[in-house]
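Chains as they are written, first to last, in the working numbering: chain R, 1 to 242; chain L, 1001 to 1242.
Take the hints with a grain of salt, since some may be wrong.
Beyond 12 Å from chain L on every Cβ pair, some chain R residues (computed) [said to hold, decoys possible]: (1) Ala-54; (2) Ser-129; (3) Gly-177; (4) Leu-208.
Covered stretches of chain L, going by a simulated chain R footprint (3 or more residues, C-beta under 8 Å) [to be verified]: (5) 1016 to 1022; (6) 1144 to 1153.
Calculated directly from the structure, the hints in this document are not laboratory data. Please read all numbers here as calculations on a predicted model, not as lab measurements. Ideal placement from N, C-alpha and C gives every residue a C-beta, glycine not left out.
Protein chains: 2
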Amino acid sequence: MTVWLVGAGPGDPGLITAKGLELVRSCEALVYDVLVAPELVAEAPDDALLIPRAKLKQAEIDKLLVELGSRGLEVVRLKGGDPFVFGRGGEEAFALAEAGVPFEVVPGVSALSAVPASAAIPLTHRGVSAQVTLVSGHSASGEELDYEHLAKTPGTLVVFMGLTHLPEIVAGLLAAGKDRHTPAAVVSNGTRPDGQSVTGTLAEIASLVDGLVSPALLVVGDVVAVGEQLAAVAADARALLA
Amino acid sequence: MTVWLVGAGPGDPGLITAKGLELVRSCEALVYDVLVAPELVAEAPDDALLIPRAKLKQAEIDKLLVELGSRGLEVVRLKGGDPFVFGRGGEEAFALAEAGVPFEVVPGVSALSAVPASAAIPLTHRGVSAQVTLVSGHSASGEELDYEHLAKTPGTLVVFMGLTHLPEIVAGLLAAGKDRHTPAAVVSNGTRPDGQSVTGTLAEIASLVDGLVSPALLVVGDVVAVGEQLAAVAADARALLA
C-alpha cells in the first residue's frame, strides 16, 4: 500500500510527468482536485475508485487518504500543479506519516513558470530578472501579503490568485510604492486551449481583465515586456516569411 | 519545422512531462544539456542527430538551433529543469524568433520544488511559509545577490548554485542579519538515485557538505524543519508498524 501525492501540472494534460501518468494508469483509487484535467482522470483504470475532491475540507481529504491507504490500495492523490508549491501536500503527507501509511511525493510542473510561459513570458531573463518571488493572493491562505516588502523586491513577482482579489493586490503594491508603470500580466487558464492573457502597466492591469476567468495568475516585472517583445518578434518574422 | 524548447525536469528521468517525452521520441535532432539524464537521450529515435551541448557557448547553441530549425528538422532542445526558470530559454526563443524559425516552449518540472521535495521539504506550508524566493548563486549569472534584501525576506529562500559558492552565499546572508539559527538544507543531485542532503542551521550548513557534489540547491527557512519533522514522523510510524 502506498499513497502517491502526484502533481498533475498546470492544466494541459500533456504536462503531467511520465511517472505521474504511469501511476494514474495503474492506480486502484484516484482522489483528484477540481482543477485537474478530465483527460487525466480518464486515464485511470476502468475499475479504479474515482473520488473528486469537490466539497471535501482539507481534514476530510487527509482522513480519506489515510483510510484508502490503510485498506492496502494503491492510491493516487492527483493535485493541480505541484503538491509542495501552495498545494498543501505537506499537510497530507503529515496525516499519512502519522497514520503509518507509506507515501511518496511525485512533483509536478507548477503553474509558477508554465502559466507565464504560455503567454511567452520567461520568469528570469539575462540582464532583466535574476530573482523570482512567489506568493498566494487567495484569501483562503489566511496570510496577509507584506506589500511593503514585496514592493521593494527586485526581479519577477508571481501571485497565484482568484481574479476577485486582483484589485486589492494591485492597490496594495501601488500604495507601498511599486512603480505604477511596471509591466504586468494576468494569465487565465494558462496552458489550456481556452487560455487568455492581458498585459499592461501595473496601474491599469486590474481594468483589463474583463472576460477573464479564474484560475488566474498575476506576473509583475520587466519580464512581461520581454514576453511582449518575444511575441512581437515572432509574429513579425512569421509575417515576413508568409 | 519547429524547434521545441523542452524542460527535462530536475534529474529523475521519470519527471519529464508526457508531452516532452513524446517529442523526444519523435524528434529528428536532439540538442541536450550535460545535466540531462542519459535515459532521456536514449529515448530519441535511432536515426536522430544527437548533439550534446558540452562546451558550446550560448551564442553557438542559439546559432545551432536556428540552423537545425531552418533545415526543416523537428528539433528538440532538451534543457535541465524548466527552460524559463534560470534556463536561458528566453535567449534561445529570441534567436529563433528573429530568424523566423517557429518554436514552442514545453515547460518542465523545475528543481525549485522537486529537489527540496526529494528531501521531504515542502516549499510552502500552512502557518510556516507562504512565500517562496528563488535566486541563482552561480557566479555565471553575472548578478550580485542583494543580501540586505534577501536577509529580510519572509518565507522560503531557494538558491540554485554550485557548491563552491555556498560559503560566500551563507556569509552574505549572515552579514546582512539573517538569523544564524534559521534552518537550512543543501540537496545534492536531488531526485536522482545518488541524491544526498544535509540539514543544519544557516551558520553551520556550509561546514556540513563534505562529500556532496554539484549540482546542489540551498533551502533556507522554517520549511526545512517541517521536512525534518515529516521525515522523523514517517520513520517513527514505520518503526512502530514493523
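Hints and how they fare:
1. Ala-54: holds (21 Å)
2. Ser-129: violated (9 Å)
3. Gly-177: holds (14 Å)
4. Leu-208: holds (23 Å)
5. 1016 to 1022: holds (count 6)
6. 1144 to 1153: holds (count 4)
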